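Participant: Sequence:
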Amino acid sequence: MGIPGLTTYIANRSEQYLEPYDLHDTYLVIDGNSIGCQLYNWYTKSNCAFGGDYDKYAQCVRTFFKDLWKCNVKPLVILDGGIEDKKLRTVMSRLHDKVQAAASYTPLRQSKQKFFPILLSNVFINIVKEMGVKHVRCLFEADNAIAAIAKFLNCPVLSYDSDFYIYGVLYIPFNTMDVHITRKSRENVKCCKIYRVQTLLSTFSGLDESVLPLAAILLGNDYIQHNIFKNFYQHIKLPKAGYLNHTQQQCRIEATLSWLSKHTLINAICIIMSKIPQNDKKKILKQIKIIIHEYTNLSTTILVPLGFSKKEIAQIISQNKQNNCNLQTNTNYVKFVEELTKTFEVVSQDKDLDKYESETVSKSIIDSLPAWFINDFYEGLFPCYFMDILMRGLYICHAQIENYSLPPSIFISNKILKVIFMLLRLECEQKCENAEYVTRGENNRLTRYTVENIDNIFPFNIPSLQDLREIPLTMRQEIFNITLGVQHHIDKFPTNWKLYIATIKYWIDHLPDLRSDSHIYALLFALLYHVIDMKIGYYRSMKKFQTRYKKKLEVLQSKTKTEQKHISYSTNMSIMQALSAIEIDDCLLLAPFFINNSEIDQKLYTNPKKFNVSVVHIFAQFQTCIKHSLDLNALLGYPYKAILISDVFNGTLLYNLYNNFKKRNNIEDYINLVLQCSPTFLQLFNIILIKVKLMFKINAFKKKNRTNYAPENIDVNE
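Each residue of the sequence shown is one higher than the last, beginning at 187 in the working numbering.
Hints listed in this document are in silico derivations from the structure and should not be mistaken for laboratory results.
Since this is a predicted model, take the numbers as computed values, not measurements.
All C-beta atoms, glycine included, are put in the ideal place defined by N, C-alpha and C.
Heads up, some of the hints might be wrong.
Keeping only pairs whose Cα atoms sit at most 25 Å apart, straight-line, the calculated PhoX-like set for lysine-lysine is [as the list claims (entries may be wrong)]: (1) K729 to K231; (2) K426 to K448; (3) K272 to K496; (4) K795 to K298; (5) K684 to K877; (6) K423 to K467; (7) K252 to K721; (8) K736 to K747; (9) K370 to K256; (10) K256 to K315; (11) K467 to K273; (12) K242 to K729; (13) K461 to K426; (14) K475 to K497; (15) K260 to K496; (16) K284 to K796; (17) K448 to K416; (18) K315 to K795; (19) K416 to K472; (20) K320 to K256; (21) K848 to K877.
Pair by pair, the computed Cβ-Cβ distance ranges are [what the hints assert, rightly or not]: (22) S550 to I648: 17 to 27 Å; (23) K827 to I452: 25 to 35 Å; (24) K231 to N483: 41 to 51 Å; (25) N798 to R634: 53 to 63 Å.
Go ahead and model the full structure; you've got the sequences and the hints to work with.
Facilitator: Below, the structure is given as structure tokens:
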């Protein structure tokens with residue numbers, strides 16, 4: 187999250203602080219949370235207003251890593267884990283801002299303000315795993331691990347976080363990296379700019395790397411607001427705003443670095459503490475100790491889950507010793523801080539904050555977790571919030587684009603959440619009465635909701651987390667099935683569709699008011715798009731599609747017009763058999779329909795009132811169901827194969843399909859008309875409908891019959 191204003195300060199002086207750099211033939215430590223978001227923000231041409239075009243994002247992530255490999259760059263992706271207590275207030279504040287932004291979000295705002303969909307991190311991690319990229323999720327914040335790995339391997343960090351200007355690592359700001367590969371001296375490189383801390387130290391004569399953590403403290407990071415140091419800033423003179431320093435914060439950065447260049451670490455701490463009010467001294471000194479410790483005490487332990495052998499780690503440590511790479515805090519500083527701490531009274535004024543901000547993370551809880559849980563967490567199989575539930579019984583939910591005049595979309599996932607909380611909290615011997623989740627409430631204020639105990643839904647005793655993987659997989663599957671209300675009919679679906687179909691059933695069963703079945707048909711029909719991708723490749727642009735297939739498509743279209751043959755198909759087969767029967771020619775004929783429906787209706791830009799957020803809201807409810815179904819499935823050890831969200835969910839496509847289907851007299855007749863030139867897809871979809879209707883057994887799929895019904899003349903590509 188970084189130090190306010192520091193990225194701008196460096197950018198305004200980029201010629202001074204950032205030097206051109208050709209990235210190739212090296213390890214690259216990637217700040218996974220930051221880069222995952224930046225790839226979406228900068229390069230994914232996604233329509234945020236509809237809940238996320240995950241297929242486009244996934245393709246963007248694949249291209250990013252492929253380009254790195256072409257430059258012989260070995261990426262190491264490091265991901266954040268649970269929220270640390272000291273960051274809780276910042277996270278809450280940012281969630282509040284996101285809720286306010288989402289409440290009035292329209293397609294017109296997309297070009298100026300991106301909104302990250304809730305399954306973004308799932309998709310990023312899925313692609314990282316799919317491509318075999320080395321990665322690890324830290325138990326908590328990843329910045330220290332990122333800096334440690336970069337220093338030990340003597341390689342750059344790729345991020346967009348100003349904290350790395352202070353860590354003393356080789357740092358490549360993401361926005362300086364070229365999109366495309368450049369060919370230089372017979373090798374591929376990624377052109378970018380790199381920051382070296384030595385440049386900063388030489389700019390401010392006398393500035394020592396050991397005092398840089400104090401700059402982070404004085405300038406206000408995620409833990410300490412700079413206004414607590416107002417007496418200190420009255421002590422030093424701030425330069426006036428000018429050409430480079432446009433704001434007071436920019437002036438403050440300049441003055442702080444200049445002042446620190448004249449002092450040692452111990453001397454600077456003494457002066458800073460002398461300017462702090464007596465009641466705040468204990469608290470501020472504690473924060474100084476924590477932050478300096480984080481910036482200077484780096485461990486090699488994170489290299490183990492990244493796949494480095496003991497021999498490799500020993501060699502790395504040996505090499506760093508030879509290079510006099512001092513990563514430990516100065517012992518004189520340690521003694522000094524210990525003595526200084528004794529002189530201050532213990533004062534606690536913020537009792538409300540102390541409720542959730544303990545001095546240290548409970549080591550006893552971490553130590554009590556089973557090895558399989560820690561290993562799966564390291565592998566990125568679990569979401570970050572699992573650690574938050576374990577540590578403090580608090581789940582801070584993501585904001586979504588939805589109808590903010592209706593109850594939050596996450597409410598529909600209550601039953602799944604209760605089971606997740608129960609499985610995690612039983613390990614801590616804490617009941618769910620103490621557990622809460624945070625989402626929007628009345629007037630869009632952040633509100634805590636209690637997770638109630640769930641009783642008597644399982645015909646057997648639920649095991650603790652310690653014993654969860656000891657019970658048979660069939661029993662864990664039963665926990666999942668009972669939670670989602672799934673029965674044996676799920677076996678009729680392909681392995682990689684089962685969780686998706688099960689979640690649709692749960693979603694339908696728990697929707698408070700489903701006035702149209704168009705949403706259901708949209709979710710099912712969207713499955714066909716990935717089938718096309720698997721057969722002919724990924725196309726989301728008609729221009730690229732026609733460049734590749736125009737001539738063949740013209741021949742096929744001409745053939746279908748002249749033959750006008752009777753279409754017959756069999757539904758007496760399994761879905762897998764129908765999938766195997768799909769023909770490439772049928773894919774080519776159907777692809778334009780999906781490509782065109784994946785584009786935003788331009789009228790939504792000129793007339794924002796046409797945007798129907800209530801349509802998005804129901805799909806947002808589905809997204810929260812699928813997210814927590816995936817999470818429960820992972821916790822249970824994958825009784826069902828995990829689906830790739832990017833294969834099944836494109837928010838723009840679903841929005842357009844819904845609006846298309848809703849205006850039809852009979853949705854199934856319309857779909858059959860769309861598929862009439864692609865008979866193998868016609869066969870597949872009707873088999874899917876048969877299986878789905880058997881499974882759901884509800885009043886979904888009611889056909890909307892209007893009076894004066896007449897056959898429709900339609901363009902199936904609209």
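Participant: Is it true that the CA of K795 sits at most 25 Å from the CA of K298?
Facilitator: Within the cut-off at roughly 18 Å; holds.
Participant: Within a Cα-Cα threshold of 25 Å, do K729 and K231 meet the stated pairing?
Facilitator: holds, 15 Å
Participant: Given the hint that K426 pairs with K448, does the C-alpha gap stay at or below 25 Å?
Facilitator: OK: K426 and K448 at ~20 Å, within 25 Å.
Participant: For K448 and K416, compute the direct alpha-carbon distance and say whether it is at most 25 Å.
Facilitator: holds, 20 Å
Participant: Given the hint of 25 to 35 Å, is the C-beta distance from K827 to I452 inside that range or not?
Facilitator: violated, 58 Å
Participant: Starting from K423, check that the Cα of K467 is at most 25 Å away, please.
Facilitator: holds, 23 Å
Participant: Are the Cα atoms of K252 and K721 separated by 25 Å or less?
Facilitator: Judged against 25 Å, a Cα distance of about 21 Å means the pair holds.
Participant: Check the hint pairing K256 with K315 against an upper bound of 25 Å on the C-alpha distance.
Facilitator: holds, 18 Å
Participant: Holds or violated: K461 with K426, Cα cutoff 25 Å?
Facilitator: holds, 22 Å
Participant: Holds or violated: K848 with K877, Cα cutoff 25 Å?
Facilitator: Cα-Cα ~23 Å, so holds.
Participant: Quickly compare the C-alpha distance for K467 and K273 to 25 Å and report which way the hint goes.
Facilitator: Between K467 and K273 the Cα gap is close to 20 Å, so the pair holds against 25 Å.
Participant: Mind checking the alpha carbons of K315 and K795 for me, to see if they're no more than 25 Å apart?
Facilitator: Violated, because 41 Å separates the two Cα atoms, which is more than 25 Å.
Hint compliance for this structure: hints 3, 14, 18, 23 and 25 are broken, all remaining hints hold.
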